[in-house]
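So in numbering that gives the first Met the number 0, spot 243 of the sequence shown is number 242, and the numbers just go up one at a time.
Calculated directly from the structure, the hints in this document are not laboratory data. Incorrect hints may have been included.
[To be verified] FRET-style restraints, in silico, Cβ to Cβ:
1. T31 with K274: 33 to 39 Å
2. D203 with L12: 36 to 42 Å
3. T31 with C186: 22 to 28 Å
4. K274 with K49: 35 to 41 Å
5. K49 with D268: 41 to 47 Å
6. S81 with E10: 44 to 50 Å
7. Q178 with P43: 44 to 50 Å
8. D268 with W181: 31 to 37 Å
9. R243 with I47: 39 to 45 Å
10. S81 with E216: 20 to 26 Å
11. E10 with G222: 26 to 32 Å
12. G22 with E204: 18 to 24 Å
[To be verified] No farther apart than 27 Å at their CA atoms in a straight line, the calculated lysine-lysine pairs in the DSSO-like style are these:
13. K35 with K49
14. K49 with K198
15. K140 with K49
In this text, a Cβ means the ideal position worked out from N, Cα and C, and glycines have one as well.
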Amino acid sequence: MGEESKNNEFEFLKSLTAELSTGELLFPTSLTATLKIRRALGDPNASIDKVARIISTEPVLSAQILRLANSVAYNSGNVHTSDLRTAAIRLGFEMARNVAIAVGMKQLVQTKSTTDAPELIQGLWTRSIRVAALSFVMARKLTRLNPDSAMIAGLLHDIGKFYILNRASTFGNAFTNLQSMWDMVDCWQLSIGAEVLEKWEVADEIRIAVLEHRDLERTHPGGPDLTDVVMAADIVDAHSHLDRVPLADWTMLPPGLALLELDQQSATDLLDEVKDELELIFQALA
0 MGEESKNNEF EFLKSLTAEL STGELLFPTS LTATLKIRRA LGDPNASIDK
50 VARIISTEPV LSAQILRLAN SVAYNSGNVH TSDLRTAAIR LGFEMARNVA
100 IAVGMKQLVQ TKSTTDAPEL IQGLWTRSIR VAALSFVMAR KLTRLNPDSA
150 MIAGLLHDIG KFYILNRAST FGNAFTNLQS MWDMVDCWQL SIGAEVLEKW
200 EVADEIRIAV LEHRDLERTH PGGPDLTDVV MAADIVDAHS HLDRVPLADW
250 TMLPPGLALL ELDQQSATDL LDEVKDELEL IFQALA
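Using the sequences plus the hints, can you model the full thing?
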């Protein structure tokens with residue numbers, strides 16, 4: 000690595016450290032606006048008409064709300080709607096707020112730069128949507144957990160990586176070596192992810208699932224929880240797509256998978272059973 004590259008990497012690390020220590024994370028303007036809408040949607044006294052008006056102020060959010068409301072996951076009666084009020088009722092207020100997060104993440108993905116970061120972020124986005132769809136289906140079929148919460152936890156499971164790569168894209172050639180970039184991402188993703196989740200006011204159970212789903216030895220009393228579902232979705236996705244490295248050995252099941260009664264064969268059977276549903280959810284989120 001040349002001297003200039005070392006300096007660029009040092010400057011990026013210094014900037015990232017400062018943002019983390021002060022809690023002043025830098026987001027695209029469009030994302031900041033979307034998150035303001037999400038906070039407005041959190042008003043417990045807001046009427047459905049007010050919620051629809053708030054959503055309508057952001058065209059991308061409106062389109063995503065309608066797309067998801069008309070997807071197979073939320074439209075079992077196959078009744079199409081183009082009315083935001085109806086769509087918000089169908090999804091529920093909390094899911095409407097979560098869709099704002101999905102839109103915000105997509106705004107992180109759509110960064111423009113001459114570096115490799117946007118391509119890497121796009122790859123992360125694709126994988127995050129797959130894990131989100133799997134989390135939704137697993138929660139619905141294998142647990143009594145809220146599938147909506149599982150979906151958003153799956154979507155957010157790599158949020159720290161998104162932020163770091165997005166910021167790297169603003170530093171030009173901060174990294175000429177991809178291994179160096181991924182080393183940085185792996186080192187900082189949890190700390191950054193925790194800060195992002197706090198800024199976005201994400202519910203505790205979702206935050207825990209995002210921050211702890213890679214702890215394959217994690218145990219807890221009772222039945223499967225949201226963290227187990229996201230862990231399982233991430234593992235199954237990694238074993239079923241060539242763009243990922245396997246995360247676990249099927250001969251030594253993590254406790255989370257055991258709680259869900261998932262082994263290699265049952266996971267394969269589940270994927271076959273819900274293949275069409277996963278594709279429709281993927282299209283709705285993408």
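Do the hints match the structure? See the list:
At roughly 37 Å, the beta carbons of T31 and K274 sit within the given window of 33 to 39 Å. Look at D203 against L12: about 30 Å separates their beta carbons, and that is not inside 36 to 42 Å. Distance hint for T31 and C186: a CB-CB separation of about 26 Å, consistent with the stated range 22 to 28 Å. Roughly 39 Å separates the CB atoms of K274 and K49, a value that falls within the hinted 35 to 41 Å.
Distance hint check: the CB atoms of K49 and D268 are about 45 Å apart, consistent with the given range 41 to 47 Å. Under the hint 44 to 50 Å, the C-beta atoms of S81 and E10, about 48 Å apart, fit the expected range. About 48 Å separates the C-beta atoms of Q178 and P43, a value consistent with the hinted range of 44 to 50 Å. A beta carbon spacing of about 33 Å between D268 and W181 agrees with the range 31 to 37 Å that was offered as a hint.
Distance hint for R243 and I47: a CB-CB separation of about 40 Å, consistent with the stated range 39 to 45 Å. S81 and E216 have their C-beta atoms about 48 Å apart, which leaves the hinted 20 to 26 Å range violated. Take E10 and G222: their Cβ atoms lie about 48 Å apart, and the range 26 to 32 Å is violated. For G22 and E204, the hinted distance range of 18 to 24 Å is satisfied, since their beta carbons lie about 22 Å from each other.
Between K35 and K49 the alpha-carbon distance is near 15 Å, which keeps this suggested pair within the 27 Å criterion. Distance restraint check for K49 and K198: the Cα-Cα separation of roughly 24 Å lies within the 27 Å cut-off, and the hinted pair is therefore satisfied. Distance hint between K140 and K49 is unfulfilled; the C-alpha atoms sit about 34 Å from each other, more than 27 Å.
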